[in-house]
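As they're listed, the protein sequences go chains A and B.
Letter 194 of the first sequence, counting from 1, is numbered 194 in the numbering used here, and no numbers are missing.
Letter 106 of the second sequence, counting from 1, is numbered 106 in the numbering used here, and no numbers are missing.
Treat the hints as calculated values from the structure; they're not laboratory data.
On a predicted model such as this, the values are computed, not experimentally measured, just so you know.
Keep in mind that a hint or two might mislead.
Stated by the list, open to error - Straight-line C-alpha distance at most 27 angstroms; calculated BS3-like pairs for lysine-lysine:
#1 B:K2 x B:K54
#2 A:K166 x A:K36
#3 B:K36 x A:K20
#4 A:K188 x B:K36
#5 A:K162 x A:K142
#6 B:K2 x A:K195
#7 B:K2 x A:K162
#8 A:K20 x B:K2
#9 A:K93 x A:K142
#10 A:K3 x A:K20
#11 A:K67 x A:K134
#12 B:K47 x A:K195
#13 A:K3 x B:K2
#14 B:K54 x A:K20
#15 A:K36 x A:K93
Said to hold, decoys possible - Sample of chain A residues facing chain B (criterion: CB under 10 angstroms; computed from the structure):
#16 V15
#17 Y38
#18 Y161
#19 L179
#20 R184
#21 S192
Note that CB positions come from ideal geometry on N, CA and C, so glycine has one too.
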Amino acid sequence: MAKLDIPNAADDELVRSAQKGNMAPYEELVHRHRDKIYARAFSMLRNEEEALDVSQEAWVKGWQRLKQFQHNSSFTTWMTRICINLCLDFLRKRQRQQTDSLDQMEEETGGVERRMDVEDYNPTEEMERSELRKEIDAAMEKLSYEHRTVLVLHEFERMEYKEIAKSMQCSIGTVMSRLFYARRRLAKILISLKKERQN
Amino acid sequence: MKQEDRLKIQAWLDGELAPQESARIADLIDNDLEAKELADDLRAMQKALEIGEKPVFLEDSREFYWSQVERQIEAEEPITENSQPELVSGSLGDALRWLIPVGSLAAISALMLNFDSIDTTPDLLETSEPGIEIPPPSPANPPSGRVESSGTALEEESPVSPEVGVFSFEGTQNGGNLSSPEDPNTLPESIENPER
Chain A
1 MAKLDIPNAA DDELVRSAQK GNMAPYEELV HRHRDKIYAR AFSMLRNEEE
51 ALDVSQEAWV KGWQRLKQFQ HNSSFTTWMT RICINLCLDF LRKRQRQQTD
101 SLDQMEEETG GVERRMDVED YNPTEEMERS ELRKEIDAAM EKLSYEHRTV
151 LVLHEFERME YKEIAKSMQC SIGTVMSRLF YARRRLAKIL ISLKKERQN
Chain B
1 MKQEDRLKIQ AWLDGELAPQ ESARIADLID NDLEAKELAD DLRAMQKALE
51 IGEKPVFLED SREFYWSQVE RQIEAEEPIT ENSQPELVSG SLGDALRWLI
101 PVGSLAAISA LMLNFDSIDT TPDLLETSEP GIEIPPPSPA NPPSGRVESS
151 GTALEEESPV SPEVGVFSFE GTQNGGNLSS PEDPNTLPES IENPER
């Protein structure tokens, strides 16, 4: 059998070799995808140090569970799911140490968001893409972890409601409600950021 | 408009609404101004988020990052990866998973019985008649259990016992992790609950 050309091998080949216990291909996979995994951890945790720790823990779990990977999805999707689950566990643990968040109370009482006018916010005008990304990032940071998480999972990870519900250990109805208020709140924050920028 | 309908408008835009409801919601959006405005708002937000996330990059070097991951991997898998690479595979591994603790118990039981016999041996020696010479222990033919300094002699006599201790210890310390490393159940934690 030909020796694996690690730097030039496809992810799938590296995974199959690593599944046999070879660590060098796994190291290459870590090199290739560490930024993506870290970025997902950071987008959920909004803390560099915690994101670094969780991303490394995800790679450790990935190695330990590699034999369970069935190649039904891409390796990065699989790794990202591991990272998301670790982030959710981390956030749940952190949340348990806090009192109920204001956002949850608002959701339960019907919410305080008012509808925004369509003309208030048109994301495609005026701003460069990179600027808009920065602004969205700043707005995401201001969301509660429940709202941010549901947005990240739905908008960026393209997860369905039922998948999100399973990951977040809540009902589909809660996911729908959180997503609704998360979008409302994000819009409101973006409008206020726009006003700040204009002043 | 009811909150339920708002959520359904959102679900419709997300492609998550059941087909039988879709027609009604589409009709609502066409004919109700508030519903239309809400749908427009949600579309605008979807469009904004389509642009994606701000890129984030790790500051640590590749080597440093990997070294930390590798160290954690090695710290968490000392037995399955290094100590028992051959013993723990397939059905043999499954069999050994049970045989080792059972064998250990049997060996310990045998050892306990030996201890009983050792306890009685000095009495036999003391009550033996004077004039009977007990030959000194020779390395080639060591006496079996008939020793005064029983601890040391037993260790020399029974090379099995330290191994039994090691197997027994590892088995209990790791909650049965002597089983095959291919068995996902041997992993220390689940993904769903990584807390330690």
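The hints, checked one at a time:
1. B:K2 x B:K54: violated (35 angstroms)
2. A:K166 x A:K36: holds (23 angstroms)
3. B:K36 x A:K20: violated (56 angstroms)
4. A:K188 x B:K36: holds (19 angstroms)
5. A:K162 x A:K142: With Cα atoms ~25 angstroms apart, K162 of chain A and K142 of chain A stay inside 27 angstroms; holds.
6. B:K2 x A:K195: Judged against 27 angstroms, a Cα distance of about 31 angstroms means the pair is violated.
7. B:K2 x A:K162: holds (23 angstroms)
8. A:K20 x B:K2: violated (56 angstroms)
9. A:K93 x A:K142: holds (20 angstroms)
10. A:K3 x A:K20: Measuring from Cα to Cα gives roughly 14 angstroms; hence the hint holds.
11. A:K67 x A:K134: violated (38 angstroms)
12. B:K47 x A:K195: holds (20 angstroms)
13. A:K3 x B:K2: Judged against 27 angstroms, a Cα distance of about 64 angstroms means the pair is violated.
14. B:K54 x A:K20: Violated: K54 of chain B and K20 of chain A sit about 36 angstroms apart, past 27 angstroms.
15. A:K36 x A:K93: holds (24 angstroms)
16. V15: violated (16 angstroms)
17. Y38: holds (5 angstroms)
18. Y161: holds (5 angstroms)
19. L179: holds (7 angstroms)
20. R184: Since the shortest Cβ distance to chain B is 8 angstroms, the answer is holds.
21. S192: At about 15 angstroms, which exceeds the 10 angstroms cut-off, the nearest Cβ of chain B leaves the hint on S192 of chain A violated.
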